[in-house]
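Quick mapping for you: the protein sequence lines, in order, are chains A and B. Here the working numbering is used: the first residue of the first sequence is 46, the next is one more, and so on. Here the working numbering is used: the first residue of the second sequence is 495, the next is one more, and so on.
It cannot be assumed that every hint is accurate.
PhoX-like mimics (lysine-lysine), calculated; alpha carbons at most 25 Å apart, straight line [as the list claims (entries may be wrong)]:
1) A:Lys108 <-> B:Lys560
2) B:Lys668 <-> B:Lys560
3) B:Lys711 <-> B:Lys669
4) B:Lys560 <-> B:Lys711
5) A:Lys91 <-> B:Lys711
Simulated coverage check for chain A against chain B, where a stretch passes if three residues somewhere in it have a Cβ under 8 Å from a Cβ of chain B [stated by the list, open to error]:
6) 113-125
7) 174-185
8) 193-203
These are calculated hints, taken from the structure and not from any lab test. Glycine included, C-beta positions come from ideal geometry on N, C-alpha and C.
Chain residues, written in single-letter form:
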Amino acid sequence: MTKLVEVSTELVYQVLMNVKDPEIDSVSIIDLGMVEEVTTQGNNVKVVLLPTFLGCPALEIIKLNTMNALKKLPEVGNVEVDFVFHPPWTSDRITEKGHVNLRKFGIAPPPRHFEEDGSWHVDCAYCGSTYVTMDNIFGPTACRSILYCKSCKNVFEAMKPVSTLM
Amino acid sequence: MNSHDKLMSSEYIEATKDLLLQLADDDFMYSYRGSEWLGLAPHIEADIASSSISQDSMGHAAMYYKLLEDLGVGEANELAHCRVAHERKNSILTERVNGEGYYMETPQYDWAYAVVRSYFYTQAKKIKIDSLCESSYRPVAEAAVKVRMELYYHRLHWETWFKQLMSSTEVAKKKMHDAITLVMDDFGDVFSYGNQKQVIETNRLIGTEEELKGNWKASIAPVFLALQMEVPVIPDNPIKNGRNGEHTKDLDEALITLSEVYNLDPVAVW
Numbered sequence: 046m047t048k049l050v051e052v053s054t055e056l057v058y059q060v061l062m063n064v065k066d067p068e069i070d071s072v073s074i075i076d077l078g079m080v081e082e083v084t085t086q087g088n089n090v091k092v093v094l095l096p097t098f099l100g101c102p103a104l105e106i107i108k109l110n111t112m113n114a115l116k117k118l119p120e121v122g123n124v125e126v127d128f129v130f131h132p133p134w135t136s137d138r139i140t141e142k143g144h145v146n147l148r149k150f151g152i153a154p155p156p157r158h159f160e161e162d163g164s165w166h167v168d169c170a171y172c173g174s175t176y177v178t179m180d181n182i183f184g185p186t187a188c189r190s191i192l193y194c195k196s197c198k199n200v201f202e203a204m205k206p207v208s209t210l211m
Numbered sequence: 495m496n497s498h499d500k501l502m503s504s505e506y507i508e509a510t511k512d513l514l515l516q517l518a519d520d521d522f523m524y525s526y527r528g529s530e531w532l533g534l535a536p537h538i539e540a541d542i543a544s545s546s547i548s549q550d551s552m553g554h555a556a557m558y559y560k561l562l563e564d565l566g567v568g569e570a571n572e573l574a575h576c577r578v579a580h581e582r583k584n585s586i587l588t589e590r591v592n593g594e595g596y597y598m599e600t601p602q603y604d605w606a607y608a609v610v611r612s613y614f615y616t617q618a619k620k621i622k623i624d625s626l627c628e629s630s631y632r633p634v635a636e637a638a639v640k641v642r643m644e645l646y647y648h649r650l651h652w653e654t655w656f657k658q659l660m661s662s663t664e665v666a667k668k669k670m671h672d673a674i675t676l677v678m679d680d681f682g683d684v685f686s687y688g689n690q691k692q693v694i695e696t697n698r699l700i701g702t703e704e705e706l707k708g709n710w711k712a713s714i715a716p717v718f719l720a721l722q723m724e725v726p727v728i729p730d731n732p733i734k735n736g737r738n739g740e741h742t743k744d745l746d747e748a749l750i751t752l753s754e755v756y757n758l759d760p761v762a763v764w
C-alpha cells in the first residue's frame, strides 16, 4: 500500500515562486499578487489565481505553467488551477520584491498612491528621474503603458495602476 | 419566498441568462470591430491602444460566456462562435461595419465613426458596469468590479480622442458630426433589454432602462457642455432591436469571418 503523503502548502508556495510571468521573467506569480489561495488535501493541490487583466493572453500559459511546475513534484497527485474574479486583482497586490524585480526588467512598478484627482505618477524605470512624459497609456501588453524619460532619454514601460477606487 | 428561493427560480435564471447574453454579445462584436483596425489606425499609438482595448473587451466577453457556461447554457467557445445571427443579442451599434471595403482588400474605414462609436459605447458600458456592481446576481456583481477597473483606461482613451477631434479642423468636426448622427441612429437598443425588460428589471439584475439612459446623458453632459454641444438624443424606439435577435446583414458577414477558423475544426485545441 502506498503511503499517502501530505503535501504542505509551504512547499506549494515555494514552487509557485518559480512560476514566472511568461512576459516578464523576473517576477513570479506570487510577486504579482496573483495567488489568492492554496489548499492541499493529502497529495492533491488546488491553486486559486486572480487574473491581472481579463483579456490577458498569458493567463492560459500561466495556468499551464503552474500545473506543470506542481506536477513535477513526486509527492503531488492531482493539481487543479482555477481563475476567480473575486476578489479583483489590483496593482497594490504586487509585492515589494515584485516592485524591485519589475524595475530590473525595465518596467516601472505601479504607483502606490493616487493624487486626489485620480491622476498618478511614476518615475523612470532606469534612472529614477521624475522628469517623464506619458507617451501612450496602452503598451505592448494590456497591463503596461509607455513613457519617455526626459533625463536619460530612454523610452520605458510602466505597469498600469489598477484600483477599485478608479 | 426567501432570497435563496428567489435566486433559484427559473424566471430569475432565464432573466440572468438573457442579460448575460446581451452583455457578452455586445463586447464580442465591439472587440471584433475594434480588432479590424489593426494596422489601419491613424498612427502606431492609436493602433496599440485600439488593440489593447479590443483584447480587454474580448476578455470581458469571454468572462460573460464563462458565467453563462456556469449556468449550463453551453460551452463558452460554442456560445461565442456557433450561434447564428437571430440568436445573438448584441446591439445593432456593435455589429455595424467600420466603413466601406473589406479588411483583407481595400478597407476604407471611418476613424471618426470608430471614435464616436467607441466613446459612446464605452460610456454606456461604464454606466451598465456601475449598475452591475450592485446586481442581485453575485457572480455578475463581482465580475463587474473587475471590468470597471479596466474600463477606466478605455473611457479615458476614447474621451481624449473625442474631445480632440471635436476641437480640431472643420473637416474633422464635419466628419465627427456625421459619425454622431450615424451612431445615434443605432443607439435605440443599446440600453434596451428587449422582450426581457420586465423580468430583468424586477429581479434587480441591473438598473432600469430609463435610469441607465439618464445616467448616460448625465455622464457625457460635461464633455458636451465644454464643447458647446447638445447631448445627443437616444431614439425611443429602435428600428431593429438586437436584444430580440433582430440584426442587419453586417452581423451575418461578421459571423462568417469570426468563426471561419473555429469552424475549420471545432474540436481542435488551438
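To see whether the hints hold, each was checked on the structure:
1. A:Lys108 <-> B:Lys560: Holds: Lys108 (chain A) and Lys560 (chain B) sit about 16 Å apart, inside 25 Å.
2. B:Lys668 <-> B:Lys560: Violated - the C-alpha atoms of Lys560 (chain B) and Lys668 (chain B) are around 42 Å apart, more than 25 Å.
3. B:Lys711 <-> B:Lys669: holds, 22 Å
4. B:Lys560 <-> B:Lys711: violated, 31 Å
5. A:Lys91 <-> B:Lys711: Violated, at roughly 46 Å.
6. 113-125: With 0 residues closer than 8 Å to chain B, the region 113-125 of chain A misses the three-residue bar; violated.
7. 174-185: Contact hint for the region 174-185 of chain A vs chain B: holds, 6 residues under 8 Å.
8. 193-203: violated (count 0)
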